[in-house]
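J.: Each chain, letter by letter, is given below.
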Amino acid sequence: MADMVATRVAYGKALEELGGRYGDIVVMDADLSKSTMTVGFASKYPDRFVQMGIAEQDMMATAAGIATMGKKVFASTFAVFAAGRAYDQVRNSIAYGCLNVKVCATHAGLSVGEDGASHQMLEDIALMRVLPNMSVLCPADATSAGWAVEAAYGHDGPVYVRLGRAPVPVYHPEGTAFSIGGSVPMAKGGDVTIIACGMMLGPALEAVGLLADQGISAGLLDMYSIKPLDEGAVLKAAGSTGAVVTAEEHSVIGGLGGAVCELLSGRLPVPVVRVGVDDVFGESGKPAQLMVKYGLTAADIAGAALRAIGMKRDAIRPQEV
Amino acid sequence: MFRNLNEGQLRAKTKELRTKILKMLCEAGSGHSGGSLSSIDILTVLYNKVMNHDPKNPKYPGRDRFVLSKGHVCPALYVVLADCGYFDESHLMTLRKYGSILQGHPYMHKTPGLDVSSGSLGQGLSVAVGMALGARMDKGNQRVYCLMGDGEQQEGQIWEAAMAAGHYKLDNLCGIVDQNRLQIDGFVKDVMNIEPLADKWTAFNWNVIRCDGHDMSSIENAFAQAAAFKGKPSVIIADTVKGKGVSFMENKCNWHGVAPNKEQLETAMCELECD
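Sequence lines, in order, name chains A and B.
Numbering follows our numbering, in which position 219 of the first sequence is assigned residue number 219; successive positions increment by one, without gaps.
Heads up: take any position in the second sequence, counting from 1, add 321, and you land on our numbering.
Calculated directly from the structure, the hints in this document are not laboratory data.
Computed from a predicted structure; not experimentally measured.
Any given hint could turn out to be false.
Said to hold, decoys possible - No farther apart than 30 Å at their CA atoms in a straight line, the calculated lysine-lysine pairs in the DSBU-like style are these:
#1 B/Lys418 - A/Lys44
#2 B/Lys460 - B/Lys551
#3 A/Lys44 - B/Lys460
#4 B/Lys490 - B/Lys418
#5 B/Lys551 - B/Lys521
#6 B/Lys431 - A/Lys44
#7 A/Lys286 - A/Lys34
#8 A/Lys34 - B/Lys460
#9 B/Lys553 - B/Lys380
#10 A/Lys312 - A/Lys227
#11 B/Lys344 - B/Lys370
#12 A/Lys13 - B/Lys553
#13 B/Lys551 - B/Lys573
#14 B/Lys510 - B/Lys460
#15 B/Lys377 - B/Lys510
#16 B/Lys510 - B/Lys573
#17 A/Lys227 - A/Lys188
#18 A/Lys227 - B/Lys344
#19 B/Lys490 - A/Lys34
#20 B/Lys583 - B/Lys573
#21 B/Lys341 - B/Lys418
#22 A/Lys188 - A/Lys236
#23 B/Lys583 - B/Lys551
#24 A/Lys44 - B/Lys553
Said to hold, decoys possible - Partner residues aside, some chain B positions facing chain A, computed with beta carbon under 7 Å:
#25 Gln330
#26 Leu331
#27 Ala333
#28 Ser447
#29 Val450
#30 Met452
#31 Asn582
Glycine included, each C-beta is placed from N, C-alpha and C at the ideal position.
Model the full structure from these sequences, guided by the hints.
T.: Below, the structure written as C-alpha cells:
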C-alpha cells in the first residue's frame, strides 16, 4: 500500500504551492489552522492569511467581502461549522452573489471519530448541494484533493470542498485526469455499479473484490464531483449494469445517493441502494468501530450490491403486472 | 466627492428623494417606508459629498465601497443611485416587480452601482470588513461604508465583525448606525435593549462619533471626523426618526414594512411639498 495521506494534508500542501503561483489567493481560518492545515500557507504568506478567531459566520461573510475586491478566497474550518453553523452566510453572502469563495471544510463525516456526533458532519453535502451557484467536490485521496484545490481556484464562483481528517491511501496516480463534473472509473463490471466518494472509495474498492469472490462483476466510479454530477458516467453505468449502489460518509438523505437517485429517477430508473448513515447522529469511538456500527464497511457495500442486483432481477414493472 | 452641493441644495435633494421613495413604494404596494425615510439623509450625503465613485464606471477598482447591511431600506439606496446616474429613473417605478432590476432586497448582479448583495440582517458589516481587508492587502486607499440598523445591532454577527474590525484596526472602514429606535415589534429598548450602544462600540475598539442623522452638516461633519481618525475603525451613531418627513409615519413601528396607499401617498406628498 502506498503512503497514507489525509486529504486535509494534501489541501494544505496545495494551498502553499498555489500561494506561490497566484498572488490573488487569500486564505482564512477560524482558529483551526493547525487542524485544517492552512497553517503552512499562513506562515509562508502572512499578508494573505486572515485569522478570524472562533467566528465562522463572520468568517464566511468577510470572505465574501474580500472576494468582491478581486481575490480568490479559501475559507477553512471544520465541515460542521462551515456548512452548518454558517449556512445562511454561505447562502446569502457567498452563493447568492456567486462570489469567489472556496469553502474548504475538513473533518467531515464519521471518521472524525472520538470527538463525537457534535463534530461529525453528515449533512454538509446535502446542505451545500442544494445551493444555486455552488459546486461540491469530495476528493477521496491526496492526488484528487490537490487537484480540487487548483480546480476550485480556477473555477469562477463558489466551491465547497469536503475534506477528511483521517489518513487515507493514495488511489490516483499523479496525472490522473480530473475535472469539475467528472469522475474516475476505478473498476469495470457488468452486474452492478458502485458510485463512491471521499472516504468510501477505499471500502468500495474492497467491496469490488468481495463481490468478485462471489462471481459478481462490479464496476466502480470515484464520483469526486458531486455537483455538477458526472451525469454521463452515471447514466452509462446505470444503462450497462442496470443496478447502482452509492457509498458516502454522509447521511443517506440528500448527498451523493440523493444526487444519483434524482438523476436516474427522471432519466433511467434502475434500482439504487444507498450506503450511508441512516438518518441518525454518530457517537464517539474509533473511526473503524463507527464505520462498522453505522454500516459503512466494504461488507455493507457488497451487501447493498447484492440487494440492488436482486431488485433488478425481481423488479415488478408496471407493464408486467 | 461626487457633487459639491451646499446644505440648502442637499436639503432640497433629500426632499425630492423622499417623494420618490414614497411614490415607488406606493406603486410597488409593499416595502419598507419607515427605515427608508430615516436613512435617506445619510445616504444622500454619503453618495454626494463623501464617497469616491463614478456612475459611468461603476466597477472601477479604486472606488469607495458601500454595504447596505439593513438591505430592506433599499428604496432609499435605489433613489440615490438613480439620482447619481447609475440607471434611468424610470426603473424606480418597477421596484419589487417581476423582471425589475430593483429587487426587494439588494442584488448586486441586477442593479448597477451595488457593490454587494444584502438582506439577511447582521451580515453586512462582516462583508464590509472583508472589503476593508481586501483594500488594505492591495495597499489601496478605498474607504468602505456600511449602514446598519439599530435593531440590527441585536444580531450576534455584528459584534463578531466589530471585534474583527477593531482587532485589525481597520481605519478605512466606517460603520453607520441608523438609530431610529424602532423595529418591527416595537421600540428597540422594549424588544431587546441594545444600550449602552456607544459604550459597546467603544469597548470593541472603535472610534464612536454621534450625529443628527437628519442634519446635513452634522452628517457631513461626522463622515469627515471618521475619515480623519487613524488607527481604529469609526462608527457613526446617527440619531434619526423612523418615517422622517411624513407625520403619520414618524415614530410608528407599524410603518416599518408597509407601503403607503394612494390616499396616504397624497397626504404625504402635501406634507413634504408644504414643508
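J.: Take the hints in turn and mark each one as holding or not.
T.: How the hints compare with the structure:
A hinted pair counts as satisfied when its Cα atoms are at most 30 Å apart, and lysine 418 of chain B with lysine 44 of chain A does not qualify at roughly 50 Å. Of the supplied pair hints, the one linking lysine 460 of chain B and lysine 551 of chain B holds, its CA atoms being roughly 15 Å apart against a limit of 30 Å. At most 30 Å may separate the alpha-carbon atoms for a hinted pair to count; lysine 44 of chain A and lysine 460 of chain B meet this at roughly 19 Å. Distance check on the hinted pair: lysine 490 of chain B and lysine 418 of chain B sit about 42 Å apart at the alpha-carbon level, beyond 30 Å; violated.
Distance hint between lysine 551 of chain B and lysine 521 of chain B is fulfilled; the C-alpha atoms sit about 19 Å from each other, no more than 30 Å. Among the hinted pairs, lysine 431 of chain B with lysine 44 of chain A is inconsistent with the structure: their alpha-carbon atoms are about 39 Å apart, more than 30 Å. Between lysine 286 of chain A and lysine 34 of chain A, the direct Cα distance comes to roughly 21 Å. Compliance with the 30 Å bound is thereby established for this hinted pair. Among the hinted pairs, lysine 34 of chain A with lysine 460 of chain B is consistent with the structure: their alpha-carbon atoms are about 28 Å apart, no more than 30 Å.
Between lysine 553 of chain B and lysine 380 of chain B the CA atoms are separated by roughly 27 Å; this keeps the pair inside 30 Å, and the hint holds. A hinted pair counts as satisfied when its Cα atoms are at most 30 Å apart, and lysine 312 of chain A with lysine 227 of chain A qualifies at roughly 27 Å. This hinted pair checks out: lysine 344 of chain B and lysine 370 of chain B have alpha carbons roughly 25 Å apart, not beyond 30 Å. At roughly 35 Å between alpha-carbon atoms, lysine 13 of chain A and lysine 553 of chain B are farther apart than 30 Å, so this suggested pair is violated.
The hinted pair formed by lysine 551 of chain B and lysine 573 of chain B fails the criterion: a straight-line CA distance of about 38 Å is larger than 30 Å. The suggested pairing of lysine 510 of chain B with lysine 460 of chain B is violated, with an alpha-carbon distance near 41 Å, which exceeds 30 Å. A C-alpha spacing of about 43 Å is found between lysine 377 of chain B and lysine 510 of chain B, which places the hinted pair above 30 Å, so the restraint is violated. Using a Cα cut-off of 30 Å, the hinted pair lysine 510 of chain B and lysine 573 of chain B holds, with the two alpha carbons roughly 14 Å apart.
Restraint check for lysine 227 of chain A and lysine 188 of chain A: satisfied, since their Cα atoms lie roughly 23 Å apart, inside the 30 Å limit. Restraint check for lysine 227 of chain A and lysine 344 of chain B: not satisfied, since their Cα atoms lie roughly 44 Å apart, outside the 30 Å limit. Only pairs whose Cα atoms come within 30 Å are accepted, and lysine 490 of chain B paired with lysine 34 of chain A is accepted, the gap being roughly 25 Å. Taking the CA atoms of lysine 583 of chain B and lysine 573 of chain B, the gap is about 19 Å. The hint holds against a cut of 30 Å.
With a CA separation close to 16 Å, the supplied pair lysine 341 of chain B and lysine 418 of chain B stays within the 30 Å bound. Note on lysine 188 of chain A and lysine 236 of chain A: the hinted pairing holds, with a Cα-Cα distance of about 12 Å set against a maximum of 30 Å. Among the hinted pairs, lysine 583 of chain B with lysine 551 of chain B is inconsistent with the structure: their alpha-carbon atoms are about 49 Å apart, more than 30 Å. A hinted pair counts as satisfied when its Cα atoms are at most 30 Å apart, and lysine 44 of chain A with lysine 553 of chain B qualifies at roughly 27 Å.
Because the beta carbon of glutamine 330 of chain B sits about 32 Å from the nearest beta carbon in chain A, more than 7 Å, this interface hint is broken. Interface restraint check for leucine 331 of chain B: the shortest CB-CB distance to chain A comes to about 29 Å, outside 7 Å, so the restraint is violated. Because the closest C-beta pair between alanine 333 of chain B and chain A is about 34 Å apart, greater than 7 Å, the hint is violated. Here the hint on serine 447 of chain B is kept, as its CB sits about 3 Å from the closest CB of chain A, short of 7 Å.
Interface hint at valine 450 of chain B: satisfied, since its Cβ lies 5 Å from the closest Cβ of chain A, which is below the 7 Å cut-off. Taking 7 Å as the C-beta contact cut-off toward chain A, the hint placing methionine 452 of chain B at the interface holds, the least distance being around 4 Å. For the restraint placing asparagine 582 of chain B at the interface with chain A, the shortest Cβ-Cβ distance is roughly 31 Å, beyond the 7 Å limit, so the hint is violated.
The structure shown violates the earlier hints numbered 1, 4, 6, 12, 13, 14, 15, 18, 23, 25, 26, 27 and 31.
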